[in-house]
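Letter by letter, the chains look like this.
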Amino acid sequence: MKEKAIILILLFLAVCIAASRARAAPVDYAVGIYGGFTPSFGGDLHSYNQEKYFHSNSGIDGMNRARDGMSTSVIERLIGATAGIELKGIFLDYYFVRFAFNYTRSIYGGSGKTVFTPDGTNYYRLSCTYSLSMYDVPFTVGLSIPFWKDMKVSLSGGVAYAYVMYENQFKSSETTPPFERKGVFKGWGLPLVIIAEGEYFISPKLSLNAALSYYNGTTEVIKDDKDTDISGPDLNNDGSTPDAAVDFSRIDLTGYRFTLGISIYIESI
Amino acid sequence: MKLWRHTLFIVSLATALLIPALCFAIGEFSVGLNIGITSDPNNLDSEINRYNTVMEVYKEETSGAKISTLTVPYSPAYGFSFRYQFNFFLIRMGCHFTRPIGTNKGSVTPPGGEKNTIRITTYQNSFPATIGLLLPLKDRTYFYIGVGPTYHQTYVKITQSKPEQTSTLFSNAGLSTNRRDRYAVDFIGYHLMLGAEVPLWGKFTLSTEWIHQEGRSYPLQNGGVDQTGNDVYTPRKIINVKGDFILFGINYYIGI
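First to last, the sequence lines map onto chains A and B. Using numbering that gives the first Met the number 0, read the first sequence as starting at 0 and increasing by one per residue. Using numbering that gives the first Met the number 0, read the second sequence as starting at 0 and increasing by one per residue.
Here chain A stands alone, though its shape is the one from the complex:
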């Protein structure tokens, strides 16, 4: 965490220097809203119990299995919908600072049926459900270039504070007795953020924008805080019947976001 603190301080100093140089210079601000989507939200959503009980060491990817005579369905990685508000500042024509607040949640994928075997002989169907939601506050600095009379392109990088909540559920009514495993993981991370954005001004102060954002980071390993698991059979075939299973997972914040939005500037382009 020490190096993350150093990086945040350096970024803060960079902004202060830019702001001090810009004190007597033209400054323009904009506020905007936007929405978009993020494919493969949360990555493979691996957790310890998926490996211990269901033999998947790659989360969703490894949970997808099929067996002749058993009806299953594909469990797809999550696609998230994202929405946010942003505040942008442009100093000395080119120097760009952006601060935003985003909410992202899974809207597609993450549910289906697979098969598993606790003992290598008997196979059972397993219903799987995954969901993920995230709040994040990215802060980036970079360059914004106006060109022609009605466009701007900006490129910026920085860090975000991200708070995430990941839930999974695995249940089967075919085992004796039936069981249900739930996991809820809440935690935070400081992912690296890089944003490329293009804007087209439909009026002197109003722009439409499209952006590609890249996040890279993870949370630390988080302990499942859900204790409502329903015990079932000896799932990992170790001779003991598990009680409520404690699970662990780190949440992967790495991925891309594609957004479209609208911004209102104080000054005309």
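By construction, these hints were calculated from the structure, which means they are not laboratory data. Everything numeric in this text was worked out from a predicted model, so none of it was measured. It is possible that some hints are incorrect.
Claimed, not checked - No farther apart than 25 Å at their CA atoms in a straight line, the calculated lysine-lysine pairs in the BS3-like style are these:
no.: 1; chain 1: A; residue 1: K222; chain 2: B; residue 2: K104
no.: 2; chain 1: B; residue 1: K137; chain 2: A; residue 2: K204
no.: 3; chain 1: B; residue 1: K58; chain 2: A; residue 2: K148
no.: 4; chain 1: B; residue 1: K65; chain 2: A; residue 2: K51
no.: 5; chain 1: A; residue 1: K181; chain 2: B; residue 2: K58
no.: 6; chain 1: A; residue 1: K222; chain 2: B; residue 2: K156
no.: 7; chain 1: A; residue 1: K185; chain 2: B; residue 2: K58
no.: 8; chain 1: A; residue 1: K51; chain 2: B; residue 2: K236
no.: 9; chain 1: A; residue 1: K185; chain 2: B; residue 2: K104
no.: 10; chain 1: A; residue 1: K185; chain 2: B; residue 2: K65
no.: 11; chain 1: A; residue 1: K181; chain 2: A; residue 2: K51
no.: 12; chain 1: B; residue 1: K114; chain 2: B; residue 2: K156
no.: 13; chain 1: B; residue 1: K58; chain 2: A; residue 2: K222
no.: 14; chain 1: B; residue 1: K65; chain 2: A; residue 2: K222
no.: 15; chain 1: A; residue 1: K51; chain 2: B; residue 2: K156
The hints should help you fit chain B onto chain A, whose structure is shown.
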């Protein structure tokens, strides 16, 4: 295979340098110093996560066990670049080096046992050669996009101070129980680049560049030692350099 890769790299560089000459173009040269940041160089995230999960589960299930987890590091990047640009074309040769700040370490102490400290050391040195298109907006104000090969030098070392304390724990989870695992290799990948550049003063400009790189080594032989100090050659490891850099640079234009 290595010879083929080196040949490809040299041919790419030669092509990049020859294109302007073939075009009889007169453009501008610039040199730049860059500083930036990346996250998780050499993609050790999954391995770190595995160590951390195993240690967390061990602590949960073993009364009296103590642990300290590893972190996925941020890593500053430093580098330089040489650029040649004419009309709408850009040729860029660069180098950026990244190594996480400080020591990335974690530990696990069995009840009544000795602490086993795990340390991860890694660095990556990349030489991207880029051919791109440039949008000249006004005097030394550009937006550019490019692609090209990257020559990577990579290094990963994982050490354990008392691996015998956690042999069963780590081997059951498929993790190494060696005192030291070390991998080093150079190979060629590729990259995509987006950049923006604005005038600063005189012949100096300020640039921001986003470099996305891809590349994987072949499975590498371990150059480590086991718990008794003997050389070991396993487990093998693939180094993956897939990742993104944001670089901020100051450039100086050289008149020709």
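Quick rundown of the hints versus the structure:
1. For a cut-off of 25 Å, the pair hint linking K222(A) to K104(B) stands: about 21 Å separates their Cα positions.
2. For the given pair, K137(B) sits about 22 Å from K204(A) by alpha-carbon distance, which is consistent with the 25 Å threshold.
3. Restraint check for K58(B) and K148(A): the C-alpha separation of about 62 Å exceeds 25 Å, so the hint is violated.
4. For the proposed pair K65(B) and K51(A), the alpha carbon gap of about 22 Å is at most 25 Å, so the pair holds.
5. Using a Cα cut-off of 25 Å, the hinted pair K181(A) and K58(B) holds, with the two alpha carbons roughly 21 Å apart.
6. Only pairs whose Cα atoms come within 25 Å are accepted, and K222(A) paired with K156(B) is rejected, the gap being roughly 28 Å.
7. A threshold of 25 Å between alpha carbons decides the hint, and for K185(A) with K58(B) the separation of about 19 Å falls inside it, so the pair holds.
8. Annotation: proposed proximity of K51(A) to K236(B) holds, straight-line Cα distance about 24 Å (limit 25 Å).
9. Of the pairs offered as hints, the one joining K185(A) and K104(B) holds, with about 24 Å between alpha carbons and a cut-off of 25 Å not exceeded.
10. Restraint check: the Cα-Cα separation between K185(A) and K65(B) comes to about 23 Å, which is no more than 25 Å; the hinted pair holds.
11. This hinted pair checks out: K181(A) and K51(A) have alpha carbons roughly 14 Å apart, not beyond 25 Å.
12. Our distance criterion of 25 Å between C-alpha atoms is met by K114(B) and K156(B), whose separation comes to about 19 Å.
13. For a cut-off of 25 Å, the pair hint linking K58(B) to K222(A) stands: about 11 Å separates their Cα positions.
14. Taking the CA atoms of K65(B) and K222(A), the gap is near 16 Å; set against the 25 Å cutoff, the hint holds.
15. At roughly 28 Å between alpha-carbon atoms, K51(A) and K156(B) are farther apart than 25 Å, so this suggested pair is violated.
Hint check: violations occur at hints 3, 6 and 15; the rest are consistent with the structure.
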